[in-house]
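Asker: The residues making up each chain are set out below.
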Amino acid sequence: GAVVSQHPSWVICKSGTSVKIECRSLDFQATTMFWYRQFPKQSLMLMATSNEGSKATYEQGVEKDKFLINHASLTLSTLTVTSAHPEDSSFYICSASAGAMGEAFFGQGTRLTVV
Amino acid sequence: LAKTTQPISMDSYEGQEVNITCSHNNIATNDYITWYQQFPSQGPRFIIQGYKTKVTNEVASLFIPADRKSSTLSLPRVSLSDTAVYYCLVGEGNQGGKLIFGQGTELSVKP
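Protein chains in written order, with the numbering used here: chain A, 1 to 115; chain B, 1001 to 1111.
In case anyone wonders, no lab produced these hints; they're calculated from the structure.
There's no promise every hint is true.
[Said to hold, decoys possible] List of simulated lysine-lysine pairs, DSS-like, C-alpha gap at most 30 Å:
1) B/K1098 <-> A/K20
2) A/K66 <-> A/K41
3) B/K1003 <-> A/K41
4) A/K20 <-> A/K55
5) A/K41 <-> B/K1110
6) A/K66 <-> B/K1098
7) B/K1003 <-> B/K1052
8) A/K20 <-> A/K66
9) A/K55 <-> A/K66
10) B/K1098 <-> A/K55
11) B/K1003 <-> A/K64
12) B/K1003 <-> A/K14
[Stated by the list, open to error] Take a look, some chain B residues computed to stay more than 10 Å from chain A by CB distance:
13) N1025
14) N1026
15) T1029
16) K1052
17) T1056
18) A1060
19) S1061
20) P1076
21) S1079
22) G1104
23) V1109
All C-beta atoms in this analysis are idealised placements derived from N, C-alpha and C, irrespective of residue type, glycine included.
Please model the complete structure; the sequences and the hints are all you need to start from.
Answerer: As structure tokens, then:
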């Protein structure tokens, strides 16, 4: 199947700093990518839809100024957590759809810990 | 997007067949049923998708009754490595990747 890669796999940052997470579609082009957040023992929560060449669409309750999304090419979307705080510590996962069935392929996720 | 209901957890033993049922009473005519598997600290992995009757692949089978208000994921002869959370999702195709996840079923396979 199609491959979606995230980088880094884990990151620790100090409170107040910003962290960028990259999501790449390695063997296909993705005009749309999706960002999810998952807290321990909880399900994935859709944060935003990343659209190549245009602004991202954020789900209700997600602060667009805090979670900056850039989708500058057909294979790369980035999520920047600005002024991170401990409550932003979570598992962030991106996805993109590919193939005839349009099934979603997920990255391996990024574990963010804010200290 | 139709809401789904699954058991929160299930236990099984190696070599057994595991059936996880998902209820989706408000499924729409254009909706497909898709199941994903997630291991700890990993992104979800597509398992199987179906619209009606039965679908089978190398990993699992998906049974969908005529009214499509429920579906059952069947995992034959599970092993310890099948311990994971299984999510049932309902939507138009794969919503182009935009997925609304329910709580999922945490399957624990014991030796």
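Asker: Hint check: A/K55 vs A/K66, CA-CA at most 30 Å. Holds or violated?
Answerer: holds (14 Å)
Asker: For a C-alpha distance cap of 30 Å, please report whether A/K66 and A/K41 respect it.
Answerer: holds (24 Å)
Asker: Are B/K1098 and A/K55 close enough, with their CA atoms no more than 30 Å apart?
Answerer: holds (16 Å)
Asker: Straight-line Cα separation of B/K1003 and B/K1052 no greater than 30 Å?
Answerer: holds (18 Å)
Asker: A cut-off of 10 Å on Cβ-Cβ distance, and B/S1079 was said to be off the interface with chain A. Does that hold?
Answerer: Given a closest Cβ separation of 21 Å, the condition holds.
Asker: Against the 30 Å threshold, does the CA-CA distance of B/K1003 and A/K41 hold or violate the hint?
Answerer: holds (20 Å)
Asker: Would the pair A/K41 and B/K1110 pass a check requiring their Cα atoms to be no farther apart than 30 Å?
Answerer: Holds, at roughly 20 Å.
Asker: Take a quick look at whether B/K1003 and A/K64 sit within 30 Å of each other, Cα to Cα.
Answerer: Cα-Cα ~26 Å, so holds.
Asker: Given the hinted pair A/K20 and A/K66, is their alpha-carbon gap at most 30 Å?
Answerer: At roughly 12 Å apart (the allowed maximum being 30 Å), A/K66 and A/K20 satisfy the hint.
Asker: Assess, step by step, whether the Cα of B/K1003 is no farther than 30 Å from the Cα of A/K14, and give holds or violated.
Answerer: violated (38 Å)
Asker: Check the hint pairing A/K66 with B/K1098 against an upper bound of 30 Å on the C-alpha distance.
Answerer: Since the Cα atoms of A/K66 and B/K1098 sit roughly 21 Å apart, the hinted pair holds (cutoff 30 Å).
Asker: Once the closest CB in chain A is found, is it more than 10 Å from B/T1056?
Answerer: holds (15 Å)
Checked against the numbered hints above, the structure breaks hints 12, 22 and satisfies the rest.
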